[in-house]
Amino acid sequence: MSFLLDGEEVPFIPGQTIMEAARAAGKYIPHLCWDHEFAPHGSCKLCTVKVDGRFGAACTVAAHEGMNVDNRSAELDDKRRTLLQMLFVEGNHFCPSCEKSGDCKLQATAYELKMMSPHFDHFFPDRPVDASHPELLLDFNRCILCELCVRASRDTDGKNVFALSGRGIKTHLIVNSPSGRLADTDMAATDRAASVCPVGVILRKRRGFKVAIGNRTYDKAPISEQPQ
Amino acid sequence: MKSKVKIATTSLAGCFGCHMSLLDIDLRLLDLVQLVDFDRSPINDIKRVGACDVGLIEGGVCNAENIEILRDYRKHCKILVAVGACAVNGGLPAQRNHLDLRDILEEVYQTSPGLAPGSAIPNDPELPLPLNKVHPIHEIVRVDYFVPGCPPPADALWKFLTDLIAGRTPVLGHGLLHYD
Ligand code: SF4
Ligand code: SF4
Ligand code: FES
Chain U
1 MSFLLDGEEV PFIPGQTIME AARAAGKYIP HLCWDHEFAP HGSCKLCTVK
51 VDGRFGAACT VAAHEGMNVD NRSAELDDKR RTLLQMLFVE GNHFCPSCEK
101 SGDCKLQATA YELKMMSPHF DHFFPDRPVD ASHPELLLDF NRCILCELCV
151 RASRDTDGKN VFALSGRGIK THLIVNSPSG RLADTDMAAT DRAASVCPVG
201 VILRKRRGFK VAIGNRTYDK APISEQPQ
Chain D
1 MKSKVKIATT SLAGCFGCHM SLLDIDLRLL DLVQLVDFDR SPINDIKRVG
51 ACDVGLIEGG VCNAENIEIL RDYRKHCKIL VAVGACAVNG GLPAQRNHLD
101 LRDILEEVYQ TSPGLAPGSA IPNDPELPLP LNKVHPIHEI VRVDYFVPGC
151 PPPADALWKF LTDLIAGRTP VLGHGLLHYD
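Top to bottom, those sequences are chains U and D.
Per the working numbering, the first sequence starts with residue 1, numbered consecutively.
Per the working numbering, the second sequence starts with residue 1, numbered consecutively.
Since the hints were made in silico from the structure, they are not lab data.
These figures come from a predicted structure and were not determined experimentally.
Be careful, since some hints might not be right.
[Said to hold, decoys possible] Here are the simulated DSS-like pairs of lysine-lysine, each with C-alpha atoms no more than 30 Å apart in a straight line:
#: 1; chain 1: D; residue 1: K133; chain 2: D; residue 2: K78
#: 2; chain 1: D; residue 1: K4; chain 2: D; residue 2: K47
#: 3; chain 1: U; residue 1: K170; chain 2: D; residue 2: K133
#: 4; chain 1: U; residue 1: K27; chain 2: U; residue 2: K170
#: 5; chain 1: D; residue 1: K6; chain 2: D; residue 2: K78
#: 6; chain 1: D; residue 1: K159; chain 2: U; residue 2: K114
#: 7; chain 1: D; residue 1: K133; chain 2: U; residue 2: K114
#: 8; chain 1: D; residue 1: K6; chain 2: U; residue 2: K114
Chain D with its partners taken away, still in its complex shape (with noise of 0.2 Å):
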């Protein structure tokens, strides 16, 4: 039996509403179970990434873990493939952009009104480092594949894995490929 293809997925800067248009695809979940195994991603509770054939990145990088984590992508995936808006251009966390980083951070957690007394950036050395801009995987990584969209329907997702499983280079016509 040909082995089955052996996927990765992960949310960096997205919302998860990609890998929700994932499970979208409902009943074909079934059939795709037949054709991949799921290596490290959100749907399971693997915690490191191992050897894979295909890795699907969804969201922007944002922080100096969405860097760590990409770049562990990359090295265990045959095939990077940015899936959505965010992982594809920053989409929305990358609307922070054009405003300075610690003006943010003041006015989210020191300046705004009913903050309680005292409040603060918070500091603990648990938490990722934000960066000053929010990137586009592309700009961190080598990426092989993108599918747009906020998220791509789950029908572009479908047609991208089974175009990809079948060995075909991977086509969305008109109504797959979308940037909203």
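Isolated chain U (complex conformation) (with noise of 0.2 Å):
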């Protein structure tokens, strides 16, 4: 069974997202929320693809055969340039003064779509750190909403330690505790939860720069050129 990827045979097994079969056969779609450890969330958007002509989330939407998705036109990472930006501007993202630099999917993705500048005006949100926890910190500046920390926390953890909060442009990430403060839960720094963000939200204290920038993951080889 197949179906066309950028005009590429992509063998899929019945069952498989466009993501997964994508990934198995060492293809690059843009994504944020999604990460094969997890269940998909479908929320970010950076994923979508064109089916058959129609928009679908490559995370969510499973592979049928024969079927032709467009992945990298220039249409598509147009619009996904657009989803970058506005995540970018909703936060504030410092990438010279971020631990996370260099190591970060959401920076990686947007030099992977050519993002020059943020274009849309700044929020410059207030967004106070929660540095409770001796060997966490959490920086709520940079989160994109992505839910992975949920998830880990939940599924793999068994803890449940993060959610999101509020609705549309109010929609926030919170700790499930009665102070809210990540002192407060049982996280711990080994667990799944603690390495799972992909921007520098949740970050281990007294890392920050024991690799150099400038010798980090997406220094060495762009996103797409690295496996998911």
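Each of the two chains sits in its own frame; use the hints to bring them together as a complex.
See below:
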């Protein structure tokens, strides 16, 4: 069984999503809220492809025999770039002072899609950090609401430390403790949720610049050329 | 002979790091001056910007004078380029944006420990008025190109300028496009 991804044949096993089949074939579809370890969430829409002319999220749409999928067309990459620009202006992303820089999927995806500017006006929101935990720091300024930490904590760690709260533009990440502080949860630095964040929100303390900028994951090769 | 490309540069709310990075193209500066003439720029002493082909803007917009200079550059430059993180997204100076301006000024000039008695917020009429928020330059004027980086690597500036001067659409590939 196979389908066409940008004109190239991609095999799949029935039940696989377009994203899973593409990953197995070593093909890159831009994505942020998807990770092969977790159930798809389908919220960031970065993985939007055109399936026989109709838009769909590659991480949630099942692969079908003979379907024709557009992925890296100029039309789709333009839309993806706009989504990225909205993510950048909605939070506070000052990469030069971010410990995640060079290892960050948002940044790497923006490089891949040649995002040269944020384009929109910045929100500059006020989002205080939570440094209460002895080993972990939460910098909410960079949260893209992908819910990977929510899924990792709930489904892998069995702890439910994180949740999204609020609606629409008011949606934000919260910590499930009476005080709202990470120190008052049972979160441990060894939890899957502690290392799952694709951006620089959930950070190990005292690790920041152990690997120098310039020697990091996406300094070596673009995200599209790395295993997903 | 083909006339040289005229370039003006300035630093608004920046740290001159982007200009240092431009100087970092080292010996290629000698090639560059074969291709371009510099109009107003911190590297010479020209006081007012004239008609130019390219304006390179370092730094974001944090006060009234920045706005005036930026608009002047926009008016005189055919192509305006945001160079570096601060021009592109406000950068480090914009990290004050979630704070109240008066609170900042009071803390820095009046209430922080160690200040001389009677210290006050400076209000000399020659000082440009600070804006409530620091803005990337594209929020004030139309910008034609962006070269991100803190600072952009010398090689990125070289690639950008040589593409532009040769009439190609500037493209920064892997390793040259950086936000940090
Ligand atoms: S989270 Fe990523 S995009 Fe945001 S500031 Fe950090 S490195 Fe930059
Ligand atoms: S903290 Fe990180 S993993 Fe959690 S929702 Fe925000 S961006 Fe996603
Ligand atoms: S990766 Fe598919 S919607 Fe986020």
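The hints, checked one at a time:
no.: 1; hint: D:K133 / D:K78; result: 28 Å, holds
no.: 2; hint: D:K4 / D:K47; result: 21 Å, holds
no.: 3; hint: U:K170 / D:K133; result: 22 Å, holds
no.: 4; hint: U:K27 / U:K170; result: 35 Å, violated
no.: 5; hint: D:K6 / D:K78; result: 10 Å, holds
no.: 6; hint: D:K159 / U:K114; result: 15 Å, holds
no.: 7; hint: D:K133 / U:K114; result: 27 Å, holds
no.: 8; hint: D:K6 / U:K114; result: 27 Å, holds
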